[in-house]
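Line by line, the protein sequences give chains A and B.
Under the numbering used here, the letters of the first sequence match residues 1295 to 1567, in that order.
Under the numbering used here, the letters of the second sequence match residues 1295 to 1567, in that order.
Check the hints yourself; a few may be wrong.
[As the list claims (entries may be wrong)] Under the rule of at most 27 Å between Cα atoms (straight-line distance), these lysine-lysine pairs were calculated in the DSSO-like manner:
{"no.": "1", "chain 1": "A", "residue 1": "Lys-1484", "chain 2": "B", "residue 2": "Lys-1406"}
{"no.": "2", "chain 1": "B", "residue 1": "Lys-1502", "chain 2": "A", "residue 2": "Lys-1377"}
{"no.": "3", "chain 1": "B", "residue 1": "Lys-1502", "chain 2": "A", "residue 2": "Lys-1406"}
{"no.": "4", "chain 1": "B", "residue 1": "Lys-1461", "chain 2": "A", "residue 2": "Lys-1484"}
{"no.": "5", "chain 1": "B", "residue 1": "Lys-1545", "chain 2": "A", "residue 2": "Lys-1502"}
{"no.": "6", "chain 1": "B", "residue 1": "Lys-1484", "chain 2": "A", "residue 2": "Lys-1484"}
{"no.": "7", "chain 1": "A", "residue 1": "Lys-1565", "chain 2": "B", "residue 2": "Lys-1406"}
{"no.": "8", "chain 1": "A", "residue 1": "Lys-1560", "chain 2": "B", "residue 2": "Lys-1406"}
{"no.": "9", "chain 1": "A", "residue 1": "Lys-1545", "chain 2": "B", "residue 2": "Lys-1406"}
{"no.": "10", "chain 1": "A", "residue 1": "Lys-1545", "chain 2": "B", "residue 2": "Lys-1545"}
{"no.": "11", "chain 1": "B", "residue 1": "Lys-1502", "chain 2": "A", "residue 2": "Lys-1413"}
{"no.": "12", "chain 1": "A", "residue 1": "Lys-1413", "chain 2": "B", "residue 2": "Lys-1527"}
These aren't lab readings, by the way, just hints derived from the structure by calculation.
Now for the letters of each chain:
Number of protein chains: 2
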Amino acid sequence: MNEPSLMSRLSLNQITVDQWTLKEAVEGSVRHDIPWISIWRHKIEEIGLKQAKKLVQDSGLKVSSICRGGMFPAATKKERAEKIDDNKRAIEEAAELGTDTLVLVCGPSADKNIDEARKQVADGIDQLVPYAKDYGVKLAIEPLHPMFAADRSVINTMDQANTIAEKYDPSEVGVIVDVYHVWWDPDLYKEIERAKGRILGFHVSDWKVPMPDMFAGRAMMGDGVIEINRMRKAVEAAGYFGPIEVEIINKEFWNQDGNNVLQGIKEAYEKHV
Amino acid sequence: MNEPSLMSRLSLNQITVDQWTLKEAVEGSVRHDIPWISIWRHKIEEIGLKQAKKLVQDSGLKVSSICRGGMFPAATKKERAEKIDDNKRAIEEAAELGTDTLVLVCGPSADKNIDEARKQVADGIDQLVPYAKDYGVKLAIEPLHPMFAADRSVINTMDQANTIAEKYDPSEVGVIVDVYHVWWDPDLYKEIERAKGRILGFHVSDWKVPMPDMFAGRAMMGDGVIEINRMRKAVEAAGYFGPIEVEIINKEFWNQDGNNVLQGIKEAYEKHV
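Could you put the whole structure together from the sequences, leaning on the hints where they help?
Here is the structure:
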């Protein structure tokens, strides 16, 4: 089997050009010959699922993932059940938009008890698996950088993500490798190898010093310290040749013309990924 | 053996009141009945080692640590040798000021190769051990939060710190447990237990959401999500009953009257540590 070319794997993660509507992001991707797109749910909500589906289908773009499900921990049983319901909607949206990958940002602790929050994440995923399977959607656990443990996700290492995923069949639960979140991990390459057969996505951006903003200060590939190319080769050695999402959450990019951002992405992607 | 009281273990890490000179910090600690102090090298430099020593001796304060040695990685052999020399000065200063603990902030990568930087850290420590031993000073490896991997330290987990420390006798190399840096670690309590007999310090502050500043946005104990009391009990179960440093790096505290900061620290320390 021939490996797909790098350019044929390029995916625009929509948050990178959050200034654009879904329509603008779809048209921009087509204009710049970017074959894949990762769609965020707040952008689907703006126009409705039906319209979103039509936009994507008419464009010929492939959808690499829907971002995002997760956010499982909560203080009460009732709230946790509501979160499961919301995740079921996310699964339906993924299926409807033609992707088999739902990215899970697992959620922070509802209080100081981080161990309990981690149990609630594992429990939430366990509840969702049969539902996702019915829709042909895989749950993709994305470990987030430990600096987000208090406000976004208590799943902070590949080891944690792999440990949960391994309880299920690779057709049900896998992991996302996002360079920004895991580049520092001393066990990174061991854990990428361990994830063989269940890597469901590879996300790229960069970590620049000084960091302008913890959440929205990610850098263009090549502008920071991350060994992106080494990591790409590692996920390929673990069998992943799927779409590569460029997910650069950066406030400054949101103030630019999206076309310039996409042009910059393509150049940096060719050079540094 | 009776356990020492919590108040008898309180140490002011000087960076918490960086607006103060060493003289002011020493006098402030005495005024507020804080028995220990951790001294930063830039404050020693301001008045010279001899004067710093006299200040501390006259005050009757005990010195919990000198902050900091480390910063080992560098691009050239010459630069790395210079860093070793600087660490030797830090060891001499620790001995002169009457503490057996030199905190190591191990340093970031000099380029994109984080594995190489980690090797340079291990190598730097290895070179220092005999020198430190001659001075009766222990090298205390402080793992820093992974968000500092690019600019302050490539040692980001207790596992890494323990793995290096275990190559030496506990009288030579140990670890610092700083709640802000390690609270998120899924292996935290296992690694604290593993560090038994080599814990050389316990540092407290808190992690507040939203985080106002990655470096200088730490919160007062009790104002954030960290299970400080649980961690204190864990380090005690691992045999550590030494000084507890309050190290709150927070710009806002630097703009306040240091006496108010110390008053707040004592109250929060009693309630939340």
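Hint by hint, here is what the structure shows:
About 19 Å separates the Cα atoms of A/Lys-1484 and B/Lys-1406, which keeps this hinted pair within 27 Å; it holds. Distance restraint check for B/Lys-1502 and A/Lys-1377: the Cα-Cα separation of roughly 24 Å lies within the 27 Å cut-off, and the hinted pair is therefore satisfied. A C-alpha spacing of about 11 Å is found between B/Lys-1502 and A/Lys-1406, which places the hinted pair at or below 27 Å, so the restraint holds. Between the alpha carbons of B/Lys-1461 and A/Lys-1484 the distance comes to roughly 22 Å, so the proposed pair stays at or under 27 Å and holds.
For a cut-off of 27 Å, the pair hint linking B/Lys-1545 to A/Lys-1502 stands: about 22 Å separates their Cα positions. Annotation: proposed proximity of B/Lys-1484 to A/Lys-1484 holds, straight-line Cα distance about 20 Å (limit 27 Å). A hinted pair counts as satisfied when its Cα atoms are at most 27 Å apart, and A/Lys-1565 with B/Lys-1406 qualifies at roughly 16 Å. Proximity of A/Lys-1560 to B/Lys-1406 is assessed by CA-CA distance (about 22 Å); at most 27 Å being required, the pair is judged to hold.
Proposed proximity of A/Lys-1545 and B/Lys-1406 is supported: the alpha carbons are some 25 Å apart, at most 27 Å. A C-alpha spacing of about 24 Å is found between A/Lys-1545 and B/Lys-1545, which places the hinted pair at or below 27 Å, so the restraint holds. Pair hint B/Lys-1502 plus A/Lys-1413 holds up; C-alpha atoms about 22 Å apart against a cutoff of 27 Å. For the hint linking A/Lys-1413 to B/Lys-1527, the alpha-carbon distance of about 22 Å falls within 27 Å, and the restraint holds.
Against the hints set out earlier in the document, no violation occurs for any number.
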